[in-house]
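Student: This is what each chain is made of:
Protein chains: 4
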Amino acid sequence: MNTIGHLFRLTTFGESHGMAIGGVIDGCPSQLKLDFGFIDSELHRRKTAQFSESSQRKESDQIEWLSGLLDGVTLGTPIAFMVCNEDGKSEDYEALKDVYRPSHADFTYEQKYGIRDWRGGGRASARTTLPIVVAGAIAKQILKEKNIQIAAEVVSMGDAEQARKKGDTVGGIVECRIVGVPVGLGEPVFGKFSAELAHAMFSIPAVKGFEVGDGFALAQMKGSEANDTFINKDGRITTLTNHSGGIQGGITNGNDIVFRVAFKPIPSIAQPQQTVNREGETFQIAIGGRHDVCALPRAVVLVEAFAAMVTVDMGMLQKAGSV
Amino acid sequence: MNTIGHLFRLTTFGESHGMAIGGVIDGCPSQLKLDFGFIDSELHRRKTAQFSESSQRKESDQIEWLSGLLDGVTLGTPIAFMVCNEDGKSEDYEALKDVYRPSHADFTYEQKYGIRDWRGGGRASARTTLPIVVAGAIAKQILKEKNIQIAAEVVSMGDAEQARKKGDTVGGIVECRIVGVPVGLGEPVFGKFSAELAHAMFSIPAVKGFEVGDGFALAQMKGSEANDTFINKDGRITTLTNHSGGIQGGITNGNDIVFRVAFKPIPSIAQPQQTVNREGETFQIAIGGRHDVCALPRAVVLVEAFAAMVTVDMGMLQKAGSV
Amino acid sequence: MNTIGHLFRLTTFGESHGMAIGGVIDGCPSQLKLDFGFIDSELHRRKTAQFSESSQRKESDQIEWLSGLLDGVTLGTPIAFMVCNEDGKSEDYEALKDVYRPSHADFTYEQKYGIRDWRGGGRASARTTLPIVVAGAIAKQILKEKNIQIAAEVVSMGDAEQARKKGDTVGGIVECRIVGVPVGLGEPVFGKFSAELAHAMFSIPAVKGFEVGDGFALAQMKGSEANDTFINKDGRITTLTNHSGGIQGGITNGNDIVFRVAFKPIPSIAQPQQTVNREGETFQIAIGGRHDVCALPRAVVLVEAFAAMVTVDMGMLQKAGSV
Amino acid sequence: MNTIGHLFRLTTFGESHGMAIGGVIDGCPSQLKLDFGFIDSELHRRKTAQFSESSQRKESDQIEWLSGLLDGVTLGTPIAFMVCNEDGKSEDYEALKDVYRPSHADFTYEQKYGIRDWRGGGRASARTTLPIVVAGAIAKQILKEKNIQIAAEVVSMGDAEQARKKGDTVGGIVECRIVGVPVGLGEPVFGKFSAELAHAMFSIPAVKGFEVGDGFALAQMKGSEANDTFINKDGRITTLTNHSGGIQGGITNGNDIVFRVAFKPIPSIAQPQQTVNREGETFQIAIGGRHDVCALPRAVVLVEAFAAMVTVDMGMLQKAGSV
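Chains as they are written, first to last, in my numbering: chain D, 1 to 323; chain B, 1 to 323; chain C, 1 to 323; chain H, 1 to 323.
Misleading hints may appear alongside valid ones.
Identical chains blur together in the list; that is why a pair holds if it fits in one copy or across any two.
[Said to hold, decoys possible] Below are the DSS-like pairs computed for lysine-lysine, each with C-alpha atoms no more than 30 Å apart in a straight line:
hint, residue 1, residue 2
1, Lys47, Lys165
2, Lys47, Lys33
3, Lys144, Lys319
4, Lys146, Lys47
5, Lys146, Lys233
6, Lys222, Lys233
7, Lys233, Lys144
8, Lys146, Lys319
9, Lys47, Lys166
10, Lys97, Lys47
11, Lys97, Lys319
12, Lys33, Lys319
By construction, these hints were calculated from the structure, which means they are not laboratory data. Given the structure is predicted, the values throughout are model-derived calculations rather than measurements.
Take the sequences, apply the hints, and build the full model.
Tutor: What follows is the structure, given as structure tokens:
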């Protein structure tokens, strides 16, 4: 269950303080000359947290390409890549070895597997999202050739500087728009474009909500308000409004695909918190180390990456099935 | 893409006015004596729309069990079942054969496949959700033996009677709670319990939003407010609050799983609407026929059904992987 | 595990003496006008056993098409179909209810599931191969439009009439040839064209061996004998010989695909045999009922059907991945 | 299509002369202390070719473990590993850059992908089987705890020393036996234990035939000869003979699982051969470089590895489905 996608598939691996983080992309079309500069710039977007403290983890994020390429051109074989974990100060976490940080995955991982890598969140660390950005960048490159653009932005966020001062953190909402998607992508029953997006977005750590088009607001509307009237615009059938967010019956209708993703605040706060350890004893902890006040700025590129991967994947499925 | 689930799998088939609607459940444990009375009662919940007009479609919903059972006991082989479509008045839809109803899937299906069954929405009809209720009822029976209960309810809905008078429709929100789920279900990266639920819920027609725990509200909270403090309750580790909705790091933490699903209003409204036909000509339509004012009352059992299927599926995955 | 195929997928259901046998084909391209006459003729090939006794089961094999079609044209939605089991004389099997017939699946099914449908072999009956012929016929129709032909024949078989007299049965070998497959089908590592064929052929009851090209004979050859020399034939690169059976490195090379499938004799023999029952008591049985002397004549169309399904599936995968 | 397995899954990556060869094992149970010495000894079995010339490739085969482990114990997260390609003399292959070696995958890869890594066979190189040995070793360790043993051996092979002198190569047959498999593994219709084995074995380069139990010989037998009589042996039901090779109806019956795999001769021969290049021009080539006379000695451990992986995978599926 560390693989996502049907035809354009990404398998990721790695723990925060293990030897490396990486992924294997299977199903990428051959003869694509990778734009490494673009991939690096996407990784840079992920790394840059505008509300960072100086103590934040130094991640060089230098990708090593292990397979699938000949002179930078895809072979059609699996593209494996990794980034070594250089700056993992596991001693920061030693004190938390037996303690379950509130709203982190420490407790659930340990219960599920009977063991967990306690160093920096292990597999549950946000660092493990790096391979998604790489795969997303490649997917974007594929989409670019088809004039499909993806852009996400933070549309709502708590007061980060205020929160920092109080040793607190904030959440927020990211909105994403995919422009240029052809009509007809998405499988209508159990692989709806919206369902695939939902699944992908909920794979991002800290995501707790997802909505397409007007989303939850549609629940308060009347049909006469919510319906998107079909019109003939210069010979092309489209809709006057886009309450549906570009997806009807699970299938893209040619309009912009619009969705929003809700992130809870980062659970690692500097304020003292009460919790328990493995033995059930009550503890008071204050999480130090290198943590962001808000995941949103980093999350924007993740949202785009998954959106790109889903779009490529659904496009390949549609191509496969056409007569 | 008409199959959902990893180990407990449902494949559905059928169009609104085709010969039959049905499904095949693959991976259901053997030696389970099916509670047919319970399955029928669940189907009854789906059928009963409390705001129905008298002209609503008469669906006998008489299930024919085709395979997988011996004297009502599961064999471990695929359980196929169907309901014949008796009362399909396709003439009601003849006038809409070439017209794209606003916010329906007529246009997208036709663009995707180059053909569509125009009778009653075809494959996109809400009638095709019937097999989900059947599979969900069986999943609930499996969960019941493990003391896991699922209950959904409408927590927000527009004014239906008011809407009916105006030939309009309303949407709303369904909240669901799964009680008794053990700690450790859900795969942590791409098969998170929350992601699997999201995918399943977005497979229900008209769903436009999904949130877990406090969901979108978490985006406005601070970490100190959103975190769920771990406590030792009579020797069992649990959390004081449940903002996370029972899922942390994608894995169940033993608390109640709580989530909400937003439904847009039913797009079939009696009010006149403008739209276009296949040739792009503008039309004025008023959708008659047998339609609900609100899908919510029928949707409650669907939400529960998918929740049950996901829980069984994740439970089986967890069992498979344990040492 | 009752589904085969990646993009062109067949899910089958049904037991020998249950209510119905059938299947769901998911991923079939839309706008295909089904040739029902051809499908019936393929079913007829399966039914006709040239060495049959008069007491053989009367199977009307009247297909009911449940979904996925509009006026006989595929909609792109799942094509469900079934054949009702009319002539199931389960009393013939009453005596064998607690007995494990030698080299049948009675014992293994019962151990696996803790329950089995003892009537006519249940899910393990050869009757459950009927849906494969239907899906295979549709796959052949798709291939026909691309000028790909498939033909299998019995190339080796024991002396059936001799065996019948002695209450015995015989096995044999079916050879199949796929002509016109383009170069490049098959995934090179874990979805080799040969591996997909092998998996499919071993899904036919009684199959115990499979070889591609010169197969086992290649194990006795030298490299200089076994290699297929590339030549330029009228501007097209092909091979002088075809020891490889049209597949190199798991991928089709444009030559005929040739493979053979070995079938063990039907285990139901009239001769008295010793066996045990559920309690481990030794029994002497003589299997009466309606049984063939040899499965080969019926199996030819099954081999072709699976070959067609694999070819369509691999073709769709190749199409999906092309730039 | 570079992933094999349902629950115990291996994804492999790498080309012969790329940066690294490796794999990701997903679904391995947690809390398993890996026996690295055993893994190395298995890799050594793969490396040692008893008929090697001194010029054979020096492969240090030093595994780097990238993820999924904490102090050598499995975490339940993906286990990624790789071996860097140190000794890749790609200049050896420069002359073959545009030439299609007979019975190699050069031609088919290039036609499929429009590009190929010509250095040492690229992805089609036997070197890419290394990750299978690693995953197989871990699977064997899991099986060992359940007292399941796997042993393969060469049962037929051409005269290697004779072939070497003539610049030729030989093929052969490997037989494998799995002892201690419980009754009930294997899915009965499309995931038969035999079908899963067949698929896995055909994933080994150069494999052209596969048979279970008496295999092709069964095609010449009568039912009365081929049937395995059930007996009660000290209170346990088993079979007197094992013509079925331990699998009946696709499900293990508790007897030894026995199967044979036919390998064609290695196509790289020193003798001069005729072939064509990309432009269709006829060439005479003599393949130098470092090649084995026979793949069989190296293949034994591969056959065992896949057998182990299939057994673990089927065991996990069975566990998941049990009540």
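Student: Confirm or reject each hint.
Tutor: Hints versus structure:
In the homo-oligomer, the alpha carbons of Lys47 and Lys165 lie at most 30 Å apart inside one protomer (22 Å), although the nearest pairing across protomers, at 55 Å, exceeds that limit. Taking identical chains as interchangeable, the C-alpha atoms of Lys47 and Lys33 lie at most 30 Å apart only when both belong to the same chain, with a minimum of 24 Å there against 35 Å between chains. In this homomeric assembly, Lys144 and Lys319 come within 30 Å of each other (Cα to Cα) both inside a single copy, at 17 Å, and across copies, at 20 Å. Taking CA atoms no more than 30 Å apart as the test, Lys146 paired with Lys47 passes inside one copy only; the shortest distance there is 28 Å, against 45 Å between copies.
Proximity of Lys146 to Lys233 under the C-alpha cut-off of 30 Å is restricted to the intra-copy arrangement: shortest distance 22 Å within a copy versus 38 Å between copies. When the C-alpha separation of Lys222 and Lys233 is checked against a cutoff of 30 Å, the pair qualifies only within one copy, where the shortest distance is 26 Å, while the shortest distance between copies is 46 Å. In the homo-oligomer, the alpha carbons of Lys233 and Lys144 lie at most 30 Å apart inside one protomer (25 Å), although the nearest pairing across protomers, at 40 Å, exceeds that limit. Taking the closest pair of Cα atoms, Lys146 and Lys319 come within 30 Å of each other both inside a single copy (14 Å) and across two copies (17 Å).
Proximity of Lys47 and Lys166 under a CA criterion of 30 Å is satisfied intra-copy only: 24 Å inside one chain copy versus 53 Å between copies. With identical chains, the CA atoms of Lys97 and Lys47 are at most 30 Å apart within one copy only, with a shortest distance of 26 Å there and 41 Å across copies. In this homomeric assembly, Lys97 and Lys319 come within 30 Å of each other (Cα to Cα) only across copies, at 27 Å, whereas the closest approach inside a single copy is 49 Å. For the identical chains of this complex, Lys33 and Lys319 are neighbours both inside a copy (22 Å) and across copies (20 Å), given an alpha-carbon limit of 30 Å.
The structure shown violates none of the earlier numbered hints.
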